[in-house]
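Chains as they are written, first to last, in the numbering used here: chain A, 1 to 602; chain B, 1 to 380.
FYI, nobody ran anything at the bench for these hints, they're computed from the structure.
Where is the CB? At the ideal position from N, CA and C, for every residue including glycine.
Among the hints, erroneous ones may be present.
[To be verified] Quick list of in silico lysine to any residue cross-link-like pairs, SDA-like style, CA-CA up to 20 Å:
1) A:551 <-> B:220
2) A:266 <-> A:322
3) B:173 <-> B:149
4) B:367 <-> A:549
5) B:346 <-> A:549
6) B:346 <-> A:529
7) B:16 <-> B:125
8) A:577 <-> B:136
9) A:551 <-> B:195
10) A:577 <-> B:341
11) A:556 <-> B:248
12) A:576 <-> B:347
13) A:556 <-> B:278
14) A:556 <-> B:363
[What the hints assert, rightly or not] Far from chain B, by Cβ distances over 12 Å, these chain A residues were calculated:
15) 71
16) 339
17) 348
18) 380
19) 420
20) 443
21) 446
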Amino acid sequence: MDQSKIRNFCIVAHIDHGKSTLADRIIESTGLLTSREMQEQVLDNMDLERERGITIKAQAVRTIYKAKDGEEYVFNLIDTPGHVDFNYEVSRSLAACDGAILVVDAAQGIEAQTLANVYLALDHDLDVFPVINKIDLPSAEPQRVIDEIEDVIGIEAQDAPLISAKNGIGIDEVLEAIVHKIPAPKGDPNAPLKALIFDSLYDSYRGVIVFCRIMEGTVRRGTKIRMMATGAVEDVVEVGYFGPGQMIPCEELSAGMVGYITASIKNLGETAVGDTVTEEERPCAEALPGYKKVQSMVYCGMYPADGAKYPDLRDALEKLKLNDASLNYEPETSVALGFGFRCGFLGLLHLEIIQERLEREYNLDLVTTAPGVVYHVYCTNGESMSLTNPSNLPDPTMIDYMEEPIVNAEIMVTKDFVGSIMELCQERRGKYVSMEYIEAGRALLKYELPLNEIIYDFFDALKSRSRGYASFDYELKGYERSSLVKLDILINHEEVDALSFIVHADSAYERGRRMCERLKEEIPRHLFEIPIQAAVGGKIIARETVKAMRKDVLAKCYGGDITRKKKLLEKQKEGKKRMRQIGNVEIPQAAFMSVLKLDEDK
Amino acid sequence: MESVELYFHIPFCVRKCLYCDFLSFGDGRSRQDYVRALAQETEMHAEECRKMTVSSVFFGGGTPSLLEPRELEPVFAALRAGFRLAEDCEITVECNPGTVTGEKLDFYREMGVNRLSIGLQSGLDEELRRIGRIHSKEQFLETWEAAAAAGFTNCNLDIMSALPGQTAEDYRKTLELVGSLDPAPVHVSAYSLILEEGTPLYDLVQRGALTLPGEDADREMYEETGRFLGEMGLRRYEVSNYAVPGYECRHNLGYWTGVPYLGLGLGASSYFGGCRYRHTEDMAAYLADPAGTRLEEQILTKNERMSERMILGLRLTRGICAEDFAEEFGTGLREAYGETIARHEKEGLLITEKDENGRSFLRFTEKGMDLENYVLRDFV
Chain A
1 MDQSKIRNFC IVAHIDHGKS TLADRIIEST GLLTSREMQE QVLDNMDLER ERGITIKAQA
61 VRTIYKAKDG EEYVFNLIDT PGHVDFNYEV SRSLAACDGA ILVVDAAQGI EAQTLANVYL
121 ALDHDLDVFP VINKIDLPSA EPQRVIDEIE DVIGIEAQDA PLISAKNGIG IDEVLEAIVH
181 KIPAPKGDPN APLKALIFDS LYDSYRGVIV FCRIMEGTVR RGTKIRMMAT GAVEDVVEVG
241 YFGPGQMIPC EELSAGMVGY ITASIKNLGE TAVGDTVTEE ERPCAEALPG YKKVQSMVYC
301 GMYPADGAKY PDLRDALEKL KLNDASLNYE PETSVALGFG FRCGFLGLLH LEIIQERLER
361 EYNLDLVTTA PGVVYHVYCT NGESMSLTNP SNLPDPTMID YMEEPIVNAE IMVTKDFVGS
421 IMELCQERRG KYVSMEYIEA GRALLKYELP LNEIIYDFFD ALKSRSRGYA SFDYELKGYE
481 RSSLVKLDIL INHEEVDALS FIVHADSAYE RGRRMCERLK EEIPRHLFEI PIQAAVGGKI
541 IARETVKAMR KDVLAKCYGG DITRKKKLLE KQKEGKKRMR QIGNVEIPQA AFMSVLKLDE
601 DK
Chain B
1 MESVELYFHI PFCVRKCLYC DFLSFGDGRS RQDYVRALAQ ETEMHAEECR KMTVSSVFFG
61 GGTPSLLEPR ELEPVFAALR AGFRLAEDCE ITVECNPGTV TGEKLDFYRE MGVNRLSIGL
121 QSGLDEELRR IGRIHSKEQF LETWEAAAAA GFTNCNLDIM SALPGQTAED YRKTLELVGS
181 LDPAPVHVSA YSLILEEGTP LYDLVQRGAL TLPGEDADRE MYEETGRFLG EMGLRRYEVS
241 NYAVPGYECR HNLGYWTGVP YLGLGLGASS YFGGCRYRHT EDMAAYLADP AGTRLEEQIL
301 TKNERMSERM ILGLRLTRGI CAEDFAEEFG TGLREAYGET IARHEKEGLL ITEKDENGRS
361 FLRFTEKGMD LENYVLRDFV
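Put together the whole structure using the sequences plus the hints.
Laid out in structure tokens, this is it:
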């Protein structure tokens with residue numbers, strides 16, 4: 001394979017600027033696939049992605065393009081997630097590329113994640129060229145956006161292709177630009193093998209399938225390979241590249257190529273994403289830099305609704321971890337919920353996506369506890385700890401002080417909504433840093449915000465208060481001392497560990513009150529009255545009561561009602577089975593999640 | 001000789017009430033064809049009931065009293081021709097005020113109908129309108145008088161509590177109307193409104209256009225029902241049914257004690273030969289083939305029959321006779337459900353008592369009756 005005819009690239013963009021659609025058009029306009037075979041969005045393989053319209057997992061596809069110079073080029077298009085939560089995965093994909101296409105919406109212009117992703121691409125030494133998408137929108141202002149790109153990002157944009165990915169306008173120009181503006185890969189196919197693992201997935205027949213970019217050397221069937229970080233050694237069974245929606249075996253992968261390797265790897269721990277693959281006989285001198293280890297920012301407990309499914313949950317997490325190194329988990333037990341896992345995520349969206357994948361792809365019914373962040377607890381005896389589960393908080397008398405994570409938040413918003421967004425940040429204990437006008441009509445607000453104030457519903461609040469015009473990005477600034485307390489919930493005078501959470505002392509009362517109200521709606525009436533109380537340090541700060549049940553009767557039960565009545569009773573019996581027993585109170589699973597929705601009906 | 005009950009479904013109404021989820025149609029398009037099919041179906045079942053005695057017949061709906069005598073006549077003819085009716089066979093027709101005439105009542109008498117079930121629902125015109133009934137209090141009184149004049153002495157009244165916007169005071173007015181009737185009713189079915197999904201009323205309540213009384217108000221009204229009717233000499237014998245002793249509805253008692261029944265007509269359910277099934281709800285399909293395929297057919301196992309006996313039998317205030325149960329199933333009540341019964345006895349929801357003949361009955365306490373589902377789900 002002639003290296004000069006290979007182009008490895010990705011597309012970066014802010015959410016909804018049309019990245020996946022452009023990817024589809026590129027695949028459509030090049031070889032290997034007819035329009036009819038095209039699914040709506042070829043690169044988005046997972047159902048979940050299709051529904052949410054965003055790309056979660058990095059994937060790759062290889063197509064053939066016959067350029068105007070008469071030559072055929074191999075395009076390896078590597079898809080990247082767009083959301084800030086997934087910067088880590090973006091990095092992984094970028095490391096496999098030589099260049100990037102930057103898609104910018106002709107009406108919206110640069111958004112927070114446009115910047116974040118472009119800087120990430122530039123950090124990886126990629127050549128970036130912009131395209132202006134959605135030029136057929138009535139509100140499109142391509143020239144303004146071109147100027148903005150040059151001013152803000154500082155890359156050449158005057159000759160950026162003006163396109164509409166949706167309607168297939170300007171796609172040829174993009175294809176030619178890929179040939180001319182993205183550099184061909186380098187690397188010696190005869191050197192010792194050096195390949196970067198940028199993704200992997202598990203297949204029950206073939207074992208782990210490793211997605212990699214060959215930097216140096218060549219790999220083929222039978223090559224004895226070694227994973228440099230884990231030390232695992234395996235014989236290669238198959239190599240190949242990514243056809244749209246399928247994997248196509250080939251003879252060999254050599255320097256500059258992107259493809260996959262299978263080697264009957266059954267042990268999921270052997271193939272870490274970011275690791276370097278080399279030859280056992282003739283190893284390369286040193287491993288590729290790989291990726292920096294990411295820190296989980298948000299934690300929550302995940303429990304199988306049916307306790308017997310614990311091993312299934314463990315297997316599912318292990319498989320998800322395989323291609324999502326940013327997911328962390330360790331076993332924990334809860335008095336209320338039994339055996340489960342404390343899981344760490346990059347952010348709240350990451351949490352939601354993992355939760356949905358567990359439920360859909362692995363058919364698990366989950367109970368999730370309130371998400372929390374990692375607190376630093378300093379005890380009076382000089383010891384300190386990182387707290388991910390509120391239940392583990394030492395007795396208040398043992399605590400000297402606590403620290404919580406603070407993020408630097410950047411919010412880009414149109415002028416009209418600056419006031420309401422500032423108000424929101426104040427409510428969330430934000431500390432104002434600065435505000436600058438990027439251009440007429442658009443401001444960049446900088447705030448320091450406690451992470452635990454943004455993990456609940458900050459995104460939603462931001463959207464509703466800016467009518468969707470604000471975009472938001474954050475990174476961890478560090479830890480600061482804060483006045484934090486543990487809020488406990490007592491149901492029928494028994495503390496329910498799975499409902500405890502850490503909250504700022506000033507919001508404890510409000511949160512406790514709303515929590516009690518919410519639980520009152522979720523807990524069905526019993527034969528007796530059930531007090532629901534919120535407490536801080538043993539002191540009750542709020543209370544609601546679920547009144548005793550007085551009526552659960554079907555007034556009519558004649559000939560035609562009998563079968564229906566039996567079905568109703570069976571359903572009630574099923575429902576009862578799924579309840580969690582706390583003392584003599586039965587609590588539905590939904591009650592444990594109700595804390596997630598505390599702000600919904602505010 | 002084994003008994004069987006017959007139920008005839010008449011799926012026509014002047015228009016549908018807002019709370020109704022029964023199978024009925026507001027227009028009378030296929031009425032002629034329907035009664036013809038119903039008579040035909042009746043004939044078709046005669047053979048399998050040859051060795052049985054019909055202990056009761058019930059015309060329900062819908063609004064059976066909407067049909068003209070000439071429409072209903074062939075059905076009665078098929079019934080008389082094909083079945084052996086018990087001497088004391090109870091034959092009931094459901095009547096809704098506003099559709100009843102003297103001519104129809106005389107016809108019922110002629111056909112051997114000896115019981116009417118009249119849908120009063122509420123004694124307040126405003127409430128009647130709110131739930132979409134077609135009649136007024138005045139029309140009800142006319143119907144009541146006409147029934148008496150035609151010689152009907154065994155009549156039931158349907159009333160409803162916990163209606164949208166209803167207060168205990170409002171409901172009291174309905175009870176007072178019932179108490180003021182002459183002749184006095186010997187049977188009252190008093191239903192606490194069930195809000196059924198898919199009905200207009202359900203949507204109105206969901207939208208907040210109507211408000212239903214809360215659980216406490218509901219029970220307050222219902223306790224008043226028992227007190228008031230008790231003073232009139234009507235005794236509660238089932239969750240929603242009250243009667244002067246001796247006037248309990250035999251047809252309905254059959255449902256709750258496991259008597260086999262054949263449901264004839266669109267969507268009707270049957271329990272026959274140890275098997276539960278129902279008819280199609282598709283009018284065209286029914287007209288094309290009235291005996292039709294059995295839908296949701298379920299042959300009951302012994303455990304299912306026992307479970308049904310508990311679920312249905314406990315609806316009766318007298319409860320379930322332990323000796324009868326053991327004799328019928330060859331398994332004692334305690335043997336089958338000892339742990340469950342003990343638990344609910346401890347909660348004060350079930351109780352076992354002996355009658356004057358020394359036979360022991362398991363029944364709900366008054367509190368248990370209000371919470372029957374909570375208990376009954378442990379018997380499925």
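Status of the hints after comparison with the structure:
1. A:551 <-> B:220: 11 Å, holds
2. A:266 <-> A:322: Holds, because 12 Å separates the two Cα atoms, which is no more than 20 Å.
3. B:173 <-> B:149: With Cα atoms ~25 Å apart, residue 173 (chain B) and residue 149 (chain B) exceed 20 Å; violated.
4. B:367 <-> A:549: 10 Å, holds
5. B:346 <-> A:549: Roughly 17 Å between the alpha carbons, so the hint for residue 346 (chain B) and residue 549 (chain A) holds.
6. B:346 <-> A:529: 17 Å, holds
7. B:16 <-> B:125: 17 Å, holds
8. A:577 <-> B:136: 47 Å, violated
9. A:551 <-> B:195: This hinted pair holds, its Cα atoms lying about 14 Å apart.
10. A:577 <-> B:341: Since the Cα atoms of residue 577 (chain A) and residue 341 (chain B) sit roughly 19 Å apart, the hinted pair holds (cutoff 20 Å).
11. A:556 <-> B:248: 16 Å, holds
12. A:576 <-> B:347: Roughly 17 Å between the alpha carbons, so the hint for residue 576 (chain A) and residue 347 (chain B) holds.
13. A:556 <-> B:278: Holds, at roughly 18 Å.
14. A:556 <-> B:363: Within the cut-off at roughly 18 Å; holds.
15. 71: Given a closest Cβ separation of 65 Å, the condition holds.
16. 339: Holds, since 28 Å exceeds 12 Å.
17. 348: 31 Å, holds
18. 380: Answer for residue 380 (chain A): holds, closest chain B Cβ roughly 49 Å.
19. 420: Residue 420 (chain A) clear of chain B: closest Cβ-Cβ about 29 Å, beyond 12 Å.
20. 443: Correct as stated: the minimum Cβ-Cβ distance to chain B is 41 Å, above 12 Å.
21. 446: 44 Å, holds
Of the hints listed earlier, those the structure fails to meet are numbers 3, 8, in rising order.
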